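Chemist: Top line first, the protein sequences correspond to chains A and B. Residue 195 in the working numbering is what sits at position 195 of the first sequence, and the numbering runs on without skipping anything. Residue 532 in the working numbering is what sits at position 263 of the second sequence, and the numbering runs on without skipping anything.
FYI, nobody ran anything at the bench for these hints, they're computed from the structure. Please note: incorrect hints may appear among the correct ones.
Facing chain A, from chain B, some residues (calculated, C-beta under 7 Å) [said to hold, decoys possible]:
| no. | residue |
| --- | --- |
| 1 | 272 |
| 2 | 274 |
| 3 | 276 |
| 4 | 505 |
| 5 | 545 |
Every value quoted in this text rests on a predicted model; they were computed, and no experiment measured them. Built from N, CA and C at the ideal position, the CB exists for glycine as well.
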Amino acid sequence: MAITDFDNYIDRLKENRAADFQMAGTPVRPGRTFGAFDLFLPAPGIVTSSVALNKDSAQAMGPIPAINTGSLQLLGARLNSSGSSGIGVILVDLLNISAGLNGTVTTAQTTNLPTAALIRYTSGEGVMAAIFVESQIGTSITTFTVSYTNQAGTSGRISTANQIGGTTFREAGVFINIPLEGSDTGIRSVESVTLAASTITVGSFGVCLYKPLAMLSMESFTGVSPLDMVSTGGVIGQFAEINPNACLSILTIANTPQLVSGSIIINEV
Amino acid sequence: MAAITDLSDLINRQSGGNNGTPENIFFHKVPRVAGVAATAPIAGRGCSLWEYDGMPAKGAVPTSGAIPDRTTQGAIPFTAPGGSRDKHLIGASIAPLVAGVFLLYDRLFHIGGLSGIATSAQTVQGSPASPALTRNTGGEGNMAFYEIYTIIGTTATTLTMTYTNQGGTSSRTSTINIGATGFREVTRMQRIPLAAGDSGIQSIQTVQLTATTGTVGNFGITIAQPLAWIPVGSAGTMGWRDYTTGLPGIPVINPDACLSLMFIPSAATAPELFGSLATIEK
Chain A
1 MAITDFDNYI
11 DRLKENRAAD
21 FQMAGTPVRP
31 GRTFGAFDLF
41 LPAPGIVTSS
51 VALNKDSAQA
61 MGPIPAINTG
71 SLQLLGARLN
81 SSGSSGIGVI
91 LVDLLNISAG
101 LNGTVTTAQT
111 TNLPTAALIR
121 YTSGEGVMAA
131 IFVESQIGTS
141 ITTFTVSYTN
151 QAGTSGRIST
161 ANQIGGTTFR
171 EAGVFINIPL
181 EGSDTGIRSV
191 ESVTLAASTI
201 TVGSFGVCLY
211 KPLAMLSMES
221 FTGVSPLDMV
231 STGGVIGQFA
241 EINPNACLSI
251 LTIANTPQLV
261 SGSIIINEV
Chain B
270 MAAITDLSDL
280 INRQSGGNNG
290 TPENIFFHKV
300 PRVAGVAATA
310 PIAGRGCSLW
320 EYDGMPAKGA
330 VPTSGAIPDR
340 TTQGAIPFTA
350 PGGSRDKHLI
360 GASIAPLVAG
370 VFLLYDRLFH
380 IGGLSGIATS
390 AQTVQGSPAS
400 PALTRNTGGE
410 GNMAFYEIYT
420 IIGTTATTLT
430 MTYTNQGGTS
440 SRTSTINIGA
450 TGFREVTRMQ
460 RIPLAAGDSG
470 IQSIQTVQLT
480 ATTGTVGNFG
490 ITIAQPLAWI
500 PVGSAGTMGW
510 RDYTTGLPGI
520 PVINPDACLS
530 LMFIPSAATA
540 PELFGSLATI
550 EK
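Bound conformation, chain A alone:
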């Protein structure tokens, strides 16, 4: 199914079906990718195990409209921030979180790993992975690598080293993307995480697998961003298809500490 023309798009918008979310706090670290779902209201709580996420998870906005034979697509957004400077919002389908890793251990860590089997985007094609800090780790800068299975099912792939620990790489909610090896185009699962050195503080961090769906720009000095797919600009990934069981959530990149609330307009087409 598809939207036939502009009038049909307007008709779909008029149905006003949306998934809503609000944040209970402000990200402590601007200027870095942040797992905004960590501050959703009601609070998702600290993950201590390996969980596959879906539309009913605490990290998801909702409700996701039920559909019949069509597909669910992104039609617009109504967003509001607590400040007046820019925010980049990455709309994602969170696939799973595995937590409970230790910021001081320098051997390969496998607690709650491998990550839960994917139940959406099961091949891993286009799936990204990130280190997600659940509770603050240490001030000492080091690097990490992960062993993962790529989109072709090849295990034992090793990411290139990336920073962890130290300011903006240690605070709760910080989301550190994992670089891939070779020509890999996605991640099916992560088997272990290895720190090159201790960050000095145990804390708790984990791995999150996610599928990006769209990017939305909040740049109004009023903090209000009503966005549609054809006239406002500011949305890349227009009409993105959303899995009916998606854990629809957001990551943010902001230049000052701001919280975001609002709704994502989605409907069956």
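Take the given structure of chain A and dock chain B to it, following the hints.
Modeler: Relative to the frame of chain A, chain B by itself:
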């Protein structure tokens, strides 16, 4: 090439109708090269992200002249269009942690292994060109850059490029400075201007240094077809271009394009970024 008829045609294809095959492509880069912190760029000067780690992973330093394509490691991957359709770039966005301007380009040709001390002519594609371009072969709009792969010397000198222009006229020459601080460090990507009146490049025969820079290092030449400039006004915000409503108006991506990024930063900080490209077919 079939043009997008009107807004309704665009909406229909973006939402999956009429073989629109919408594809939203996402990528990220971290400020590291092969796991090591990347060399800081210089504000206002070009920085190649070809070797930056991320998704896609870093591209390799070319050892000889080559025609990279969408399957080459380092290229932003995408699905080639089917059914004799074209792939249209509808929008692009990047959210970096450093403000500046990004250039999305098709990396048409690259070569590495050139010396920072040789003062004789160094072959790029030679004459006849080998390998010759396989995309945008007419050359109109193509740009040339030198890229530093291993640091060269501290002595400033002049690079002379001998090339064939978009009209097929060979032995055209132009010059640019190279070497010394700001023009020698790894990941520098400096555009080489064209001779007066030229508007593109079909091939580059040679480059020649007027004098040694003092260190061999390793530099290369890249021919690029620019596709989109994406400005980002502030660190930690999202820059975007919607080609439905904004210039230059829905570029077409070659089915084999090696999509790559260059960055001109506003501050001397290696960028971390997350970005996306929205495409449809017609």
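Chemist: Compare the structure with each hint and give your call.
Modeler: A quick look at each hint next to the structure:
1. A distance limit of 7 Å between C-beta atoms decides the matter here; for residue 272/B the minimum to chain A is near 17 Å, and the interface restraint is violated.
2. Interface restraint check: residue 274/B against chain A, minimum CB-CB distance 11 Å, threshold 7 Å, status violated.
3. For residue 276/B, the interface hint holds, the least distance from its beta-carbon to any beta-carbon of chain A being 5 Å, beneath 7 Å.
4. About 3 Å separates the beta-carbon of residue 505/B from the nearest beta-carbon of chain A, less than 7 Å, and the hint is met.
5. Annotation: residue 545/B was flagged as interfacial toward chain A, and the flag holds, the nearest CB pair being 5 Å apart, inside 7 Å.
When each numbered hint is compared with the structure, violations occur for hints 1, 2.
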